[in-house]
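Sequence order for the protein chains is A and B.
Throughout the first sequence, residue numbering follows our numbering, covering 1 to 269 in sequence.
Throughout the second sequence, residue numbering follows our numbering, covering 270 to 1120 in sequence.
It is possible that some hints are incorrect.
Below are the PhoX-like pairs computed for lysine-lysine, each with C-alpha atoms no more than 20 Å apart in a straight line [as the list claims (entries may be wrong)]: (1) B:LYS1039 to B:LYS1061; (2) B:LYS930 to B:LYS919; (3) A:LYS169 to B:LYS312; (4) B:LYS1039 to A:LYS37; (5) B:LYS618 to B:LYS632; (6) B:LYS603 to B:LYS544; (7) B:LYS1039 to B:LYS444; (8) B:LYS619 to A:LYS37; (9) B:LYS950 to B:LYS619; (10) B:LYS308 to A:LYS169; (11) B:LYS431 to A:LYS175; (12) B:LYS432 to B:LYS385; (13) B:LYS544 to B:LYS559; (14) B:LYS1061 to A:LYS37; (15) B:LYS431 to B:LYS407; (16) B:LYS755 to B:LYS787; (17) B:LYS787 to B:LYS752; (18) B:LYS432 to B:LYS407.
Calculated directly from the structure, the hints in this document are not laboratory data.
It should be emphasised that the depicted structure is a prediction, and the values quoted were computed from it without experimental measurement.
If you want the building blocks of each chain, they are given just below.
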Amino acid sequence: MANLANLYDVSKCTACRGCQVACKDWNQLPAVIEPFKGNYQTHEDTNGDTFTIINFFEYEDPVDGVRWNFIKRQCMHCLDPECMKVCPRQAYTKTSWGATLHDPDKCIGCQYCAAACPFDIPKYRKREDVITKCTMCADRVEEGLTPACARTCPSGALTFGDRDELLQKAEARAKFLRANGFPRATIYGRVELGGLNNLYVLTDTPDMFGLPVNPKVSGNITFWQDWIQPYFGWLIPLMLTASATSFVTSRILASKHGEHGEHGEGGHE
Amino acid sequence: MSPAFGRGVMTNHIVDLKNTDCALIMGSNAAENHPITMKWLFKAKEARGAKLIHVDPRFTRTSARADLYAPLRSGTDIAFLGGMVKYIIDNELYHKDYVVNFTNAAYLIKDEFEFKDGLFSGYDAEARKYDVKSWDYKTDDAGMALTDPTLQDPRCVFQLMKKHYERYDIDTVCKITGTPKDKYLAVLDTFCATGAPNKVGTIMYAMGITQHTVGSQNVKSFSNVQLLLGNMGRPGGGINALRGENNVQGATDMALLFHIIPGYIDSPMNSVAHKDLISFIRAVTPGAGKLPFTNLEEFRELVKAGFPNSGWKIHSSKWVVSLLKAWWGKAASKENDFGYHYLPKRDEKKNYSHIAMFEAMYKGEIDGLFINGSNPVVGGPNANKELEAMTKLKWMVSIDLWLNESADFWTHQAWERAVDNPNVAKISPENIGTEVFFLPAAAVYEKEGTAAQTGRWVQYRWKGAEPVGESKSDLWIYNELVKKVKKVYEGSKRPEDEPIVNMTWDVENEHGHDDPIKVANELCGYSTVDGKPVEGFAKLMDDGSTACGCWVYCGATTLKDGKFIYKPQLRDNKDNSKTGMGLYSNWGWAWPVNRRIVYNRCSVQPDGVTAWPGDEDRMLVRWDPLALADPKKPESLGSWVGDDVPDFIKTVGPSNPAFTKPFIMRPEGHGCLFAAKTSMKEGPFPEHYEPWESPTLNTLNSQVLNPATKVWEPEKQSKSEQYPIIGTTYRVVEHWQTGALTRNLPWLAELMPNMFVELSEELAREKGIKNGQNVIISNTRGDVEAVACVTKRFKPFQINGKTVHEIGLLWQYGFKGFATGDTANWLTPHVGDANTMIPEYKAWLCDIRRA
Ligand code: SF4
Ligand code: SF4
Ligand code: SF4
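Start from the sequences and build out the full structure, keeping to the hints where you can.
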């Protein structure tokens, strides 16, 4: 089966966040009401009960004046997903059509995937001690429906379909935008990390939307993957509280958060 | 818009936005409040390279998607648009053929008419009113207006207009509006380019335009711009009044306003001019004033022969009599003036709008109040006062989904304030004697019926779920209520009870259930002879043989093979236009007579057959000399035809002088740049006046406030020395109106959890306010606590050489639900538009400090 993908065109997103609500509705996720902090964004980041979020970036361009960029974030359904590689319990699988699925029944809450994901997507849900994330609405797609977020988007920013076709569409769109006031318009997800199943049309360079320009798998992860996991992976469940493991884990998590701090700043409203 | 074109409606429709070459969004935050419009605008951008302009005090989610954003200070739209009119005329960017043939630009105006220092002729300062005698056309002996098609006569509308706006040069305008000059020029350049015959531009507006003391004249300014540019009545053009609620159009069609009865007919008053049916018909039929008739028979003959300056409203008598027949059935007969005296008459000298009603309530003049799907404690202007006014009621009925703030106005919470203020009442529940009834209402998906959306499409909605608990549909509630009321009056012989005793009430179907289709049948009209639907309002009669609850809805019902069809239920999603204009004429039904774009006669050249040069694909209708107006009559050769229903009398051909009069609802038949006679309370041309509370003087004339508007509470004016900051209010996409619905839904509460105020970084620095901190906003009417949202998207204005700050508050919060916060309307004033009394929510003064 061909790869199916979600194409998100920032130039058509009005940040209405219908997608956020539709996602919560379909996946029956409770509201996480946090006080307003001087920013339209609902939460700092996705969380155990929030699979997708619109991020807001406000900045002043010396030429264009004030700009307000929005971007929808959720699992990218990477063609070659890091989360899957590091999971000691094989909780992650890839569907034939491209979704990266996570099975909470297998999950032990170790959060290695959270550390490994270049997009900071898997989130820990404390009350059940499991990781959660966007499912690409696999339960809908397998019944012939489009994902809830794409289904609800009123402005036409989200389109679901065949990845190759969407890529062509995205290229054409970026070209149009470059000729119409957005010289730096580009697409994202075609080649990044070997390709993503969530494609983006951006009106500016990826960093202006908080996306890693050259997403890379961290050195620690490679080390983990190549050396530790093959030999010690089976020990993890037994040793979860053991100091050696938690030392490695917290090192990985710490290094990830450091990185996030850097590209998380700058222009965040 | 009615004074310019004859109808006060969104002229085009939402899908049509895809046909535009340029959209000017002003006084609207479309992305937040009408998100679906963005979809069609994006299509216009993609397919036609259309440009999107957003003019707003603050950079919003709409601005983020616009090609061009220009800030302007709240309440200065007339200056902005007056400058645009001048720019169009000076640079000859107007669509000449259109202006000469389709507008009243060539009409000559009486010599007595003049304008001096902000006042038009005829002003009575004491009454704050105009005598409008001089605001009229010069006429010949037959009463027809004199014209100069060369537009050179100094007394012609075009020349008078040119002169009027001479003062609105770019520098003057920018000093008033605070718009940076380069941005203003860019807007002028981009939008006025649509004056080219092959280009069409649209204007989208909403409450940011109407909720001002000069709201109606703001809209009139749009009308002038669009008429000059030749953008009316054409696909991708028009003035699109985006309605604040999904069924506001329906509500106004049904006359949920005090000054009209259904179908936009003036409501009768207790004056001599309205003393009986024939006087009333004389008063509401344009051109009938001085005609010799004393009864309906004589009048009918005159109508048949036609009389000047009447337009389509010449048929008003048919609409009025059919309405009376619908309401009083058999009891409405020729002998009793069809029950005209049953109609309540309003006091000629009284105003019954929202502000006036609450002022009267405050004075204890009102005993009881029904609140349906409304929440004045949050949404009303000067809400502290309105809250206090409600304590003077003997009883109140709230019909809503939730116990909203108005239903619970008597609780402790309703009176809690962050700051103790001697000017703000604090009443405790034991001192409130109002008896409150709460009737739980069904939500929109739990009931059936139609909603008339902003583009006049009436669409039927079927029930999706059963109502929760004891909640009931509005029709059920009112059906039960009326049945009980009628029971109380049953058998009464008192003449004053006749209106209730004789009122028809036929909303139940054969199973004894209240049924929206029964309501539809009355609304859309039926023959009183055989009960069959009336096929269109041209077939309504004033002899009692037809009944119709709202003439503009006539034609929405029909019989097909003996089956009753209600057209709002039609669901054919094929575009019936040949050039892909997106008319979707068989999806739902649009009033009038399923016309999707009104004034569409303008989409073709004055000759009626040629498309505007280079614009062949956007021609909606045309004159076909070989078509039959009536297929059954071979002699009826020549007819208007097209993809849309022609907004024109089908048989009016080139030999008829009315052939180039496309605005059939206007007595003149032409689009009015000059609003003659009683059209507008404050003058035939829009003139800039400052808001009631303004940080600056008016530099264009020595009037400060709109000279025709009423000031209710002069003592409550916030002065700029003490309150130097402009306050405005608005909504966000995440909450619906007063939030009574959405703040009770956790997923929506999550998106916008608290009341906040947006302010510039500059003002925040000046006041020592940090992003996310709590602040207090105050003025003479109250104090509001909110979270500060310090943003680059608000910028201080340079007004007449001074730095002026503006802040914006969400008005959607109250003390109930999951998302709570103070009510911004505690700060908004009791002052409104001179014509409509729509409250000034958008420009007032205040100050802000750290909490
Ligand atoms: S629903 Fe569509 S327009 Fe709205 S925030 Fe999501 S992606 Fe953007
Ligand atoms: S975005 Fe992260 S969680 Fe999603 S597939 Fe890629 S690596 Fe896994
Ligand atoms: S694809 Fe489904 S799970 Fe993923 S963000 Fe969209 S709605 Fe949520």
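Cross-check of the supplied hints:
With a C-alpha separation of about 13 Å, the suggested pair B:LYS1039 and B:LYS1061 falls inside the 20 Å cut-off, and the hint holds. At roughly 13 Å between alpha-carbon atoms, B:LYS930 and B:LYS919 fall within 20 Å of each other, so this suggested pair holds. The suggested pairing of A:LYS169 with B:LYS312 holds, with an alpha-carbon distance near 15 Å, which does not exceed 20 Å. Distance hint between B:LYS1039 and A:LYS37 is fulfilled; the C-alpha atoms sit about 11 Å from each other, no more than 20 Å.
Simply put, B:LYS618 and B:LYS632 have alpha-carbon atoms about 17 Å apart, close enough for the 20 Å limit, and the pair holds. Our distance criterion of 20 Å between C-alpha atoms is met by B:LYS603 and B:LYS544, whose separation comes to about 16 Å. With a C-alpha separation of about 30 Å, the suggested pairing of B:LYS1039 with B:LYS444 is violated against the 20 Å cut-off. As the CA atoms of B:LYS619 and A:LYS37 are separated by approximately 47 Å, the hinted pair breaks the 20 Å bound.
For the hint pairing B:LYS950 with B:LYS619, the CA-to-CA distance comes to about 16 Å; that is within 20 Å, so the pair holds. At roughly 17 Å between alpha-carbon atoms, B:LYS308 and A:LYS169 fall within 20 Å of each other, so this suggested pair holds. At roughly 44 Å between alpha-carbon atoms, B:LYS431 and A:LYS175 are farther apart than 20 Å, so this suggested pair is violated. In summary, the hint linking B:LYS432 to B:LYS385 is supported, as the alpha carbons are separated by about 12 Å, within the 20 Å threshold.
Simply put, B:LYS544 and B:LYS559 have alpha-carbon atoms about 17 Å apart, close enough for the 20 Å limit, and the pair holds. About 16 Å separates the Cα atoms of B:LYS1061 and A:LYS37, which keeps this hinted pair within 20 Å; it holds. Between B:LYS431 and B:LYS407 the CA atoms are separated by roughly 19 Å; this keeps the pair inside 20 Å, and the hint holds. Distance restraint check for B:LYS755 and B:LYS787: the Cα-Cα separation of roughly 19 Å lies within the 20 Å cut-off, and the hinted pair is therefore satisfied.
Of the supplied pair hints, the one linking B:LYS787 and B:LYS752 holds, its CA atoms being roughly 16 Å apart against a limit of 20 Å. Restraint check for B:LYS432 and B:LYS407: satisfied, since their Cα atoms lie roughly 19 Å apart, inside the 20 Å limit.
Violation of the numbered hints given earlier is confined to hints 7, 8, 11; the remaining hints are satisfied by the structure.
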